[in-house]
Amino acid sequence: MSAEGQTTEATPDEEAPRESRSRQVLREIAESSSMVVLMAIVASMVIGGVLIIFADQAVRESAAYFFSRPGDTFSAIGDALGSAYSAMFNGAVLNTQAESFAAMIKPLTQTLTMATPLIFAGLGLGIGFRAGLFNIGAQGQVLIGATVGAYVGFAWSLPAGLHLLLAVIGCALGGALWGFIPGVLKARTGAHEVIVTIMLNYIGLYLVAWLLSLDAFQREGSDNPISPMVADTAQYPKILGAQFNLHLGFLLALACAWGAWWLMERSTLGFRLRAVGANPSAARTAGMSIASATIITMVIAGGLAGLAGSAPVLGTQKFLSASTAGSLGFDAITVALLGRSRPLGIVLAAILFGGLQASGPTLQVNANLPVDIVVVIQALIVLFIAAPPLVRAMFRLPAPAHEKEVAA
Amino acid sequence: MTATVADAAPAASTAPVAAKTWRSTIALAVIAVLSLVIFGLGTGSGSTTTFVVARGTDFVHLPDFTVPSRVAAIVLSLVGLALAGWTGYRANQRRKVGLWLPIVYGMAIMGALLTWAGAGRDATSIQLTGLLTSSLFLAVPLVFGALAGTLCERSGIVNIAIEGQLLAGAFLAALVGSIAGNAYVGLIAAPIAGALVGLVLAIFATKYWVNQIVVGVVLNMLIVGLTSFFFSTVMTENGDLNQPLGMAKLPIPLLSKIPVLGPVLFNQNLLVYLLYVAVAVMQVMLFRSRWGLRVRAVGEHPKAADTVGINVNRTRVRNTVLGGAIAGLGGAFFTVASGLAFGKEMTAGKGYIALAAMILGRWSPRGALAAALLFGFADALRAQLGAIGSPIPSQFLAMTPYLATIFAVAGLVGHSRPPAAEGVPYKK
Amino acid sequence: MKLELRGITKRFGDFTANDRIDLLVEPGTVHALLGENGAGKSTLMNVLFGLYDADEGEVLLDDAPVVFTGPGDAMAAGIGMVHQHFMLVHPFTVAENVMLGHEDVRGPAKLLDLAAARRKVREISDRFNFNVDPDAVIEDLPVGAQQRVEIIKALSRDASILILDEPTAVLTPQETDELLGIVKDLRDAGTSVVLITHKLREVKAVADTITVIRRGKVVGTAEPSASQEELASLMVGRAVTMRVDKAPATPGETMLQVDGLTVVDDAQVVQLDGVSFDVKAGEILAIAGVQGNGQTELTEALLGVVGTDAGTATLDGELITGRSIKDVLFSGIGFVPEDRTEDGIVATMTIANNLMLDTHDKAPYAKGFALQPKAIADEARKHVEQFDVRATSIEQTAGSLSGGNQQKVVLARELSRPLKLLIASNPTRGLDVGSIEFVHKRIVAERDAGAAVIIVSAELDEVVALADRIAVMYHGRIVGIVPPDTDRDTLGLMMAGAHQEEAA
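Protein chains in written order, with my numbering: chain Y, 6 to 413; chain S, 9 to 436; chain U, 88 to 591.
If you are wondering where the hints come from, they were derived from the structure by calculation, not from laboratory data.
By construction, the Cβ of each residue, glycine as well, lies at the ideal position given by its N, Cα and C atoms.
Hints may be right or wrong, so weigh each one.
Unchecked claim - Keeping only pairs whose Cα atoms sit at most 27 Å apart, straight-line, the calculated BS3-like set for lysine-lysine is:
# : chain 1 : residue 1 : chain 2 : residue 2
1 : U       : LYS89     : U       : LYS413
2 : S       : LYS311    : U       : LYS413
3 : U       : LYS304    : U       : LYS413
4 : U       : LYS207    : U       : LYS291
5 : U       : LYS454    : U       : LYS469
6 : S       : LYS311    : U       : LYS207
Stated by the list, open to error - Reference listing, derived: stretches of chain U covered by chain Y, where coverage requires no fewer than 3 residues with Cβ under 8 Å from a Cβ of chain Y:
# : region
7 : 404-413
8 : 430-441
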């Protein structure tokens, strides 16, 4: 609460308009301290551990005779947790059982590969959040971007380099188009972007399903609705050699992170977007156009989400299917929230969640755990991050001064 | 910008005024004209469409009826055009149109589509009763979900977590039902799962003031993760915990013998009857009872409610939990009420369509029912057209609920005004 | 019923809004709580009404201590409150609003008994000649009628103490007189009334007892027979008359010419009705009027925030209506908005950033698309010094500044461009005395530098002190333009819609 709020009587009575409240919440998320982030991750891992114990057959079997031989239960719990967490480490960071150096660091490169699309889409969402827009539509934007990029990749025949460039641009344009629609609808009619983007996710999904039923997109000789493979000339080159999946898209994502930082912190456009996001009426009174800020934000956010679509179609999977986007769009929301909408934070959050996802196969093989546990941990982290007072209460951390005042 | 003008110009005191806008009229007219051209004039003049209304078990056996396709499609399109005209007439008077209009309009255009699709197919005919039955069937989770959304949003809490609540309900219904070996026990468990999800949403929204959209989206992920995790571990290792159970149809004596509507409406399982009750009770309670008045006040102007002694956050928590329970009950549709075992992510986005039905139904139980039925109809139509080989790609029909919702929130069809305090945490 | 507050203290963070306040309201009297904006009157009443918890002190009803944990308790104890911002649910009818919280119900489902609610509304409305239809929807009612609904709400709960918080802020003088009549009727019917206001005339007209509050403390009590001057000096702690030292105006060429400007809002209400006037270079035109008579729409239409439906405005011969806000600002208009926190500053951005909201893409702040952090900081320091903004750093967020310093930031920004016209709406609302003087001085300086100036103010004192000419607005029209020495009664009548000739 500002000093102004205390010197005029009217302010405590007035209800701030809803927009500014949701922005305030976004800001609070953005300002949550690193300690809270760390504790949120710890708490989520612990809860994840409880689930792992609960689901473990050996634990349940030994628990049946817990009172006669409790030691069995505890050792079963230890085994379950030990194999789960070591599988996570082995799958996401370093393979400790590996024979060669290359095999040892492969998990890490896999983590960065998985992080690549999350960085792209997370950056787009982060810019949206800072400009005051709740874009739930990254999912659709990723898919449409991937569709355009994949089409350029498999249908056109061009020299290497140029082909890749055009395919990447195609991804960005596809996503940007899918971002432009809610942007322009919000700017012109006031249609809430949350609803429109949710609906566009499904429209995009069915549109792609339809496209894949057409001859132009259908892979010859396949019964599945999947596209032909993207031409070699349009694929991201592998940057660490053929034995690693890590591709040029990762470097492009880092470049985009730098670009997003420059855009938001050092450019006049970014200044406008921040001002509009923080207080649209003041921005408008100072001569900024809310409509154009809304449209530009959604186009940039969509374009970055579209680039996220390039990671599967030009980098890893190398063809298009209706499930190409997976749950990327929603994962990216958690990345942007955990990364506090700041580029560096988003890169780190994407690597964390990319690592969790990369450990999926190892979890399955080494610990016999389904990859879904990763989704649970991811969602829990973001829930905790969103409510710093909850985390502080759980770990008895002191509340920062400004929060005490808000509570007063 | 809501500057109040003391006794301002005479216009200020006249009854409800809607802004004079032609957007709806134009949108409705364009679609009706397209329908006229494509479905009406695009149908061969000699062809006919056969509608089968009767089924072997009917008490009164109605004959199939066959209509000249072209004429019928033209007539239905003209009905749509007339409704567009009525919208324009009302807009000119600055009056609003009722909820019935988009519903009737939607049915007319869909009817034209159906007639066109069935034209000249002597071997196949449109199974009208079957179509209506599956419309209702497919609408069940949407209605429960939309009711849940309505309950929460009327009290000012945005519930994006409907999807998660449906899924949690489906999961727990299957689990508990399987353990008990009885579908009805599962039906009782389902709302508990949904209520728990609602409780988490409510606590984050009212105690920690976390953005409700964030919580909703993340809760959906969490529930997908949790249910998939348990499905892949506990349920897969022990098949007894996830059995396909079914609920018998309970035909209501006499009523179920009414031609066409009888079997559609009154030969259903318990969950469908609960749906009728839920819609009717909610409609009355929300708009005619003390509870409803208070809930709506909390959603519109929480501070005003607080100043007359209504506990805003308690009302919101209760509504969100109750809403979650209703969505959870709707989740039972996917498992015990359909005779299916639980499957990963089996709600497949129905929670988001329910959200759309809530918006299109303008935050009222009756409207939610109507919108959900329309969406269910579109879904059933897709299946039937797929069966008879429709000229329209099924994916486009699948898009219609989503497109309709975008049109609605963009103000192209009707107007949707959400509760004023929706999504705003109440802080003293 | 007798109401007594003893030693009420309420703090917000480091700020003490109420400091050991004592107050005694005798049964069947009108007790005025007099104080400037921001003195802590509303906070005190919110404590009494159970909306805030007091940090110290106690409330006594008929000498028995009571604790209100919420407004429900206060109402049950017989205290009713009409808030400055009405607590009415807009899509509800009058009857629904009145019954909310203490509904008459039937049956186990507790269905509403609307007939009983309507009857109750009609009965109270008839008793005090309120003329309110129980089935009217609130959002269709004019402000005066909404206020009567609020009073019905309180009375229907058998309030024996009624708190009116700045009830006349949104009323015309006539409506104000009607309300004061109602207050007297209520008192005669045995209800105690606490009238919170900063308007001396109202206090003198109806109060039986007066308590004056300044900066959160009771500074004295007075009899209604006390003179306006005495009351005013108690209230503000200084001589009442607002005086601005300024040389006589030397008007030049016509700078702003407004012809038939009309604004119709989304609800089809005519907010600005064919307004025409001009302002010359080097003169201050002050616009007087009761809040909500089209002043906001006029300034916003000139800036282009709201679209115009007819009419034109030209600045120095150049058309400004129908152009983008940015165009208008850079054609030479400075704009100090009415609501500083909403439209003036971005609270979460730094002072430096707030100073460049309008010119962020121009030199020296930017080269091409790139911002120039060093130039931004240099400019900010310069402005902060020139306008005496009290801040620890230019990197401090604007939201952490006091109201006066926020207003200085807005002024510094708006006066940094070469101006032909300055538009300032309620430029000193909620500011301390020092800041008020500073703001007035800068505005006069701008005039003397040759700019045309439009001041909109709800405070007649400020209008009279600053104006070279006064335009009075009523119902979206200008009812007359008069010299600043026009007597106040005439101005008052004009604010109630009388034309100049009738009023004089």
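Right, here's what the structure says about each hint:
| no. | hint | in the structure |
| --- | --- | --- |
| 1 | U/LYS89 x U/LYS413 | violated (58 Å) |
| 2 | S/LYS311 x U/LYS413 | violated (37 Å) |
| 3 | U/LYS304 x U/LYS413 | violated (45 Å) |
| 4 | U/LYS207 x U/LYS291 | violated (33 Å) |
| 5 | U/LYS454 x U/LYS469 | holds (20 Å) |
| 6 | S/LYS311 x U/LYS207 | holds (24 Å) |
| 7 | 404-413 | holds (count 3) |
| 8 | 430-441 | holds (count 8) |
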